[in-house]
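Visitor: Chain order of the listed sequences is A and B.
Adding 642 to a residue's 1-based position in the first sequence gives its number in this note's numbering.
Adding 642 to a residue's 1-based position in the second sequence gives its number in this note's numbering.
Worth flagging that the hints you see were computed from the coordinates, not collected in a lab.
In this text, all values refer to a predicted model and were calculated from it rather than measured experimentally.
Among the hints, a few may not be true.
Identical copies look the same in the list; a pair holds intra-copy or inter-copy alike.
[Unchecked claim] Here are the simulated lysine to aspartate or glutamate pairs, DMTMM-like style, with alpha carbons at most 20 Å apart:
(1) Lys755 / Asp646
(2) Lys736 / Asp646
(3) Lys648 / Glu729
(4) Lys866 / Asp730
(5) Lys736 / Glu689
(6) Lys787 / Glu689
(7) Lys873 / Asp695
Number of protein chains: 2
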Amino acid sequence: MKEDAKILITDLSVQRGYGIFDYFKTINDQPVFLEDHLDRFYFSAAEMFLPVDIEREALKNIFQQLIEKNNLPDSGIRITLTGGYSEDGYAPAKPNLFITQSAFSYNKDNFEKGTRLVTYQHQRQLSQVKTIDYLQAIRLQTFIKENNADDVLYYNASGISECPRANFFIVNERNEIITPEKNMLAGITRKKIMAFAGLNTKEESIQLEQLTTAKEAFITSTSKIILPVLKIDGQTIGNGKPGEITREIFKQMLGSQGN
Amino acid sequence: MKEDAKILITDLSVQRGYGIFDYFKTINDQPVFLEDHLDRFYFSAAEMFLPVDIEREALKNIFQQLIEKNNLPDSGIRITLTGGYSEDGYAPAKPNLFITQSAFSYNKDNFEKGTRLVTYQHQRQLSQVKTIDYLQAIRLQTFIKENNADDVLYYNASGISECPRANFFIVNERNEIITPEKNMLAGITRKKIMAFAGLNTKEESIQLEQLTTAKEAFITSTSKIILPVLKIDGQTIGNGKPGEITREIFKQMLGSQGN
Chain A
643 MKEDAKILIT
653 DLSVQRGYGI
663 FDYFKTINDQ
673 PVFLEDHLDR
683 FYFSAAEMFL
693 PVDIEREALK
703 NIFQQLIEKN
713 NLPDSGIRIT
723 LTGGYSEDGY
733 APAKPNLFIT
743 QSAFSYNKDN
753 FEKGTRLVTY
763 QHQRQLSQVK
773 TIDYLQAIRL
783 QTFIKENNAD
793 DVLYYNASGI
803 SECPRANFFI
813 VNERNEIITP
823 EKNMLAGITR
833 KKIMAFAGLN
843 TKEESIQLEQ
853 LTTAKEAFIT
863 STSKIILPVL
873 KIDGQTIGNG
883 KPGEITREIF
893 KQMLGSQGN
Chain B
643 MKEDAKILIT
653 DLSVQRGYGI
663 FDYFKTINDQ
673 PVFLEDHLDR
683 FYFSAAEMFL
693 PVDIEREALK
703 NIFQQLIEKN
713 NLPDSGIRIT
723 LTGGYSEDGY
733 APAKPNLFIT
743 QSAFSYNKDN
753 FEKGTRLVTY
763 QHQRQLSQVK
773 TIDYLQAIRL
783 QTFIKENNAD
793 DVLYYNASGI
803 SECPRANFFI
813 VNERNEIITP
823 EKNMLAGITR
833 KKIMAFAGLN
843 TKEESIQLEQ
853 LTTAKEAFIT
863 STSKIILPVL
873 KIDGQTIGNG
883 KPGEITREIF
893 KQMLGSQGN
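Chain A extracted, bound-state conformation:
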């Protein structure tokens, strides 16, 4: 059981917050966008100088065994790689790898409910790497509640970057679908959207001022898929309902992942 799995406190994740992870879904026992997630997992590990002593195909076999054993057709699988049991609590050691599977099924009602964001000035370090660093995100949960929001949207001097666990998009007056080009994690859902045919998508910086004139806004992630943003900093986006372009992308996305 996931709830029983333990790690020594000498691990560098506990001592120094040092680790990376990735997370993908299974739908009807089928992993969704597995190759993309594995690409990112190995990239993150390499960026943090964490050697992975298991080959890609062997890793996929482990996922398959987990799927067969756990009998959770709709699930989320998280693979975590930490700095390992460090003798002095600082020097990296042989990494520890663990994989957990939890029941997860997407609730389509979420889309209609949408989400409310509150902006906050912060730039995640090593933002292109999926590290376990969510120090600000966890800390800001109080701030989010105080601001009647559901999640936080980070920005810095060069514009908006991302939510802690989701990428951000707006649809502007010219029906262009814009997402920040840098300072954020390259999400798999974001990547899939950018590759859809027939969409007028663009990677471009988004300034805070552009939020007030956006026709639509939405966030994307593996678990949220596409979530319409109905309010930012208390201001209503568009008519306060999920937008038509957002809905179109959502439908296309559901289709592409096998829902």
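Got chain A sorted already, so can you dock chain B onto it with the hints?
Guide: Positioned in the frame of chain A, the structure of chain B alone reads:
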């Protein structure tokens, strides 16, 4: 034994790098600057919204028991407080607290050997809080070695801030002892030095250009006490040996902590 202590992987330190800690020495079974470390520990916990369900005096009793039981007269005691066993891996739970004691005795030869730094542009998030976030510091260990250095010195657009585990000082041409005033952790050793009588100390921003003209430089921490900086980015500081003012402060510091 410290080496056997375990934590569930659902802890937010493992899942999201969320936790704080503090670290103090004992010399001959006597804790050094304990009140200062406890002040900072409770401050860090409050800043991260981590409730500490143990009173200060009770905590001191636990340290005392540990000291009596472990029989390590010269030691380092680390107290860690993490985000706890989160049900969804994101929402903070009841914090986990653990305390470990390890043998540690200061080696006075370190002072003569000094240390070499390499500069790197980075600003630690929540730098005034002693969080477990050492993501950059651990990652940069390769970079440090490649640059024939022993540690990294962070700087940002507004100047130099700190080393990952030490505060930074220079002695300038006017024999002023200067340490950065912001963007860094307020170290206990730093605080003690600033309170010494008869020293011409100043909290002031230090720019990269000032390093080349510094007569002396040193770093301070609980375990390093005072360590002369002999090189920065390959450039020799002063005459490349521990400076006289640095040595004076070192002596005074050794005296004040009961060495």
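Visitor: State for each hint whether it applies.
Guide: Going down the list of hints, with the structure as the test:
| no. | hint | result |
| --- | --- | --- |
| 1 | Lys755 / Asp646 | neither (35 Å within a copy, 47 Å between copies) |
| 2 | Lys736 / Asp646 | between (22 Å within a copy, 17 Å between copies) |
| 3 | Lys648 / Glu729 | both (18 Å within a copy, 15 Å between copies) |
| 4 | Lys866 / Asp730 | between (40 Å within a copy, 15 Å between copies) |
| 5 | Lys736 / Glu689 | within (16 Å within a copy, 33 Å between copies) |
| 6 | Lys787 / Glu689 | between (34 Å within a copy, 17 Å between copies) |
| 7 | Lys873 / Asp695 | neither (45 Å within a copy, 37 Å between copies) |
In summary, the structure is inconsistent with hints 1 and 7 from the numbered list given earlier, while agreeing with the others.
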